[in-house]
Each structure stands twice: as structure tokens, then as C-alpha cells.
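Residues in the sequence shown are numbered consecutively from 317, following the working numbering.
Worth double-checking, as some hints may not be accurate.
Below 30 Å or equal to it, Euclidean Cα-Cα: the simulated BS3-like pairs (lysine-lysine) are [unchecked claim]: (1) K579 x K635; (2) K722 x K733; (3) K506 x K579; (4) K539 x K510; (5) K607 x K510; (6) K690 x K733; (7) K390 x K473; (8) K789 x K766; (9) K664 x K505; (10) K722 x K789; (11) K579 x K652.
If you are wondering where the hints come from, they were derived from the structure by calculation, not from laboratory data.
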Amino acid sequence: MASYTRTPNWALPPQAHPPSSPPPAATFVPYRDTEKGLETPLLVPAPGYVPASYMAASPIPSTVARPRRSCARKFCLHLGHFILFTALIFFFLPNAYDRVKTFVTQTIHNGDVMQGTPASAIFHPDCVDDARWTNHDDELDHDGHNHHAYQFRHLIKTTIDLPLNSDLLYFLSQGSLAHGAVEFVDDGKKGDDKVAVDVAFYYIHDVARDNIRVCRLQRDGNKNGVGIFSPDHLPPVHHDEYRTHFSVVVHLPNGEGDRHVYKALQTDMHIFTHTFRNLDNSAFFTSLNLKTTNAHVHFDSVSAGTAYVATSNAHVDGKLTATELLDIHTTNGALKNEITLVNNDTSKPTGLVLRTSNSVIISSVSLVSTTEDKTGGAFEVTAHTSNAPIDVVFPNAPVDSLLTFKATSSNAHVRAKLHETYEGSFELSTGRWFPATVNYEEGVEDPAGKGRHRVVETRDYGRGHASGKVSWKADDAAMRTVGSVDLATSNSGIQLIL
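Please build the complete structure, drawing on both the sequences and the hints.
Set out below in C-alpha cells:
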């Protein structure tokens, strides 16, 4: 039986070749048949046959797994990053912020922050005479007993006289150092032809004193006042050296029952509390215009023709009388007043406006007629707030007077109590799930003494709404409607007492 063998190429002995000649082509060694002869090929290779060649595969490198970091090591690494970042914020950023803020402030204000700004450079066109100060440091108790509430180190004072018969007495303040208190009293000498204004300035460091200006004001000939001025901006970095307080006392002559009529008094003093003492017997202001911010206004008793009182974030309280119009306006502060409205002309009502927000209105409003028989008169009253109650009482009102009253709030109770003389319509409105209540007594005595009887008619009573009318009716007279009352709120009850 024939056997066949094949010698692989790798088993053949290597052949030497001259270095200059190219390597010979691969030699094909066929299988041979031993029976027919060594040279007889078993198979004839196909034309163009090329024996397959194989390349050795590279070994795959082994991968060594990295050891994982422990949780403690990760925590320490993150903690270190946090400490480094915090240190950068606390030690480097504040200095950079201060430098940027100083640069921006000086750029915006042309470098004129408070340092180096002399008082003489503070300009106001009405200034005619600068204050002459005297030192009163000895009035401050520095031994720790009965010390001034603000712990100030220095006190200077001045007095400025204003003509009593000025067309306008006015008081102005402006700037970051101008704040404090102003008070009006009638302790001046009777018959004086001047109004003395005392100004006291409390401060800690001379830099504050050097940057305020107080002067006598004058405009349009016979309008006189006092002004307090300082730069509008403090330095970017400052401490107690700029802490100040002004105390202004205006001494009006004492009329002793013979009231002096002031044509007009006006204040525009931000962050100054206003206090008016009992001036009813000595002063009447034809026009009173008071303006402040973030400071309360208090009246012991004041009478005026028209009076406008405005503040913010503070209350207004006290006793006021007006013959034409009283308008009190604040925000985020209570209005608690005892008010008297005087009228003698039905065709020209005396008005009252009470406005605030987020705080209560509690007022007693007396209506007075100055006609010969003390009857009649016309009055218009408006009260408005939000998110807070309203409670207005009319303890006095003339017979046959005409009252128009409107009170509105939200999310809070509204209550009004009218005098028995009221005649007119009424309407109450609130949410449909809240009560609208009208309360009155039967058989009320006729305030005019004419034997009339009061008739109260109600309609649309229920579901957050009530309306009707009330009148005094004689047997031989027809019912008449002269006034109106409108009360409104939301999400709370509402009550009218007749």
C-alpha cells in the first residue's frame, strides 16, 4: 500500500544565499509515491497555486487591576478640596470685592464719596445763612449713668429764628447723615414775632460733623425755613464714625386762647419722627403738609384747614381737626386717630382720606357743623387698607347732615358704627361664605327732638351681601335718602351698626 509524506517548510534545512542576490522563490515539495518512483508526483499542483502562509499571533498582554480607593481616602480628598476652596473665598474674595466696590463707587460718584467733602461744598439754592454751632459735650454723661440712648460722644447746638408771619414755614433734610426727630411745641413767648428753631446734633467722630450742613432757608421773599443736608452716600466701608442723630424743636409762640393763623407749614424730612404737641389753643394751620419715611407721626392735638400727612413703614396716630380736607397716608403702619371734621357748606363737603396697607385703621370721626343752628353739613370719608381690619366709629354727627362713607379692606374684618342722625343708603359686600350683618335698635329717640321715628329697610340680606336704607320719618313727611355707606372686604365678616 502506498504511503504519502509531506515535509513542511519549517523542517527543511536553511540554504545559504549570497548577500547580493535576492532570496529564491518558495520551493514546492510534492508528496511522492514510493511504488512508482520517487520523482513521480502524487498530485499535480494547480496553475498559480501559492501555498498558504501563517503569521504567529501576538500574545494578549495581561491586564493588572488597579486597587480601588477606600471611602476614607475619597472623603479626605473631598474635604481637602472644600477647605481649600473655603479659604480662597474667605481670605481672597473679600479684599477683591472691596477693591471693586470702591472703584465702582468712586467711578459713579466721580470719586466724591464722603471723605474729604467739606460741609461748605454741600449746595442748596435756598441756603442763605449757615448755622453757628456751640459745643455742649458737657451735657452728655460719659460716666456710664443716664447716658444718651445712642451712646454719642459729642453734642453741638444752634438756634435759627424764622419770621412768624411767613407765607410758608418749611423744613427740609437730605442725605445719609440727616435723620432724627422734629417736634413742634407752643412754649414760645406770647406776642413774639418769630419762631425759634433749636437744632441739636449728636455724633461720635468729627468726620461726621465736617460733612453736615445746617442753614436758614429762604425762597420767594417771605418763605422761610431750616435745612439739614449731608452727602447722599457713605463710604463703602465705615463704622460708628458716621452714626448721627438730629433733634429739632420748633418753638411756636403761645397764643393763650388767641390762636395764631399760620398760612402754611411744610416738612420734607426723611427718617425724621414728627411730634406735634397740644397746639389747638395756640395755632391753626391753613395748610399743613408733612412728609417723612420710615418714621412715625404723632399728634397730641392739631387743627388745620387742609392737612396732608405721609410716611411709610410706620404708624400715624393722635388727634386732628380739619375744616376742608385731611389726608393721612402710610404703608405697613397703623392709623389710630381721633378726628374731627368741621363743615358749614353742604355744597362743599369736608373730606377725610385714611390709607394704609397691611395694618389696621381704627378711627373715631366726629362730624361738626358750624352753621347757625348747628345742623346740616356735608362730609366724605374714605378708609382703605389690605390684609388688616377697619374699625371706624362716628360718635357725633349733626342732624340733617350728609355723609358719604366708603371703607374697603381684604382678608380682614370691616366694622362701622354710624351716629343715630345718619340718613341714607347702605351696602355691605364680602365673600358669599362670610356674614354681612346690619345691627340697629328699635325705638331710638329722635336726635332732632321732633318726634320722628326711624325707619330701617334691608334687602338682599344674606350670602355675603346686605343693602338697604335708613331715614327719619315724620307722619306728614316723605322718606328721603341723603347719604351713602359702602363697606367691602373679602374672606371675612362685615358689620354695620346703625
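**OP:** For the pair supplied as a hint, K390 and K473, confirm whether the alpha-carbon distance does not exceed 30 Å.
**Re:** Since the Cα atoms of K390 and K473 sit roughly 68 Å apart, the hinted pair is violated (cutoff 30 Å).
Original post:
Holds or violated: K722 with K733, Cα cutoff 30 Å?
Top reply: Roughly 13 Å between the alpha carbons, so the hint for K722 and K733 holds.
Original post:
Are the Cα atoms of K579 and K635 separated by 30 Å or less?
Top reply: Measuring from Cα to Cα gives roughly 21 Å; hence the hint holds.
Subject >> Pair hint outcome, K664 versus K505 [Cα-Cα no greater than 30 Å] >> reply: violated (37 Å)
**OP:** Mind checking the alpha carbons of K607 and K510 for me, to see if they're no more than 30 Å apart?
**Re:** holds (24 Å)
Original post:
Keeping to a limit of 30 Å between CA atoms, is the pair of K690 and K733 held or broken?
Top reply: holds (22 Å)
**OP:** Measure nothing beyond the straight line between the CA atoms of K539 and K510; if it is 30 Å or shorter, mark the hint as holding.
**Re:** holds (13 Å)
Original post:
Straight-line Cα separation of K506 and K579 no greater than 30 Å?
Top reply: It holds: about 18 Å lies between the C-alpha atoms, which stays within 30 Å.
**OP:** Would you mind confirming whether the straight-line C-alpha gap from K579 to K652 stays at or under 30 Å?
**Re:** holds (27 Å)
Original post:
Are K722 and K789 close enough, with their CA atoms no more than 30 Å apart?
Top reply: Holds: K722 and K789 sit about 25 Å apart, inside 30 Å.
Subject >> 30 Å limit on alpha-carbon distance, applied to hinted pair K789 and K766 >> reply: Measuring from Cα to Cα gives roughly 10 Å; hence the hint holds.
In terms of the numbered hints stated before, the structure departs from hints 7, 9, listed from lowest to highest.
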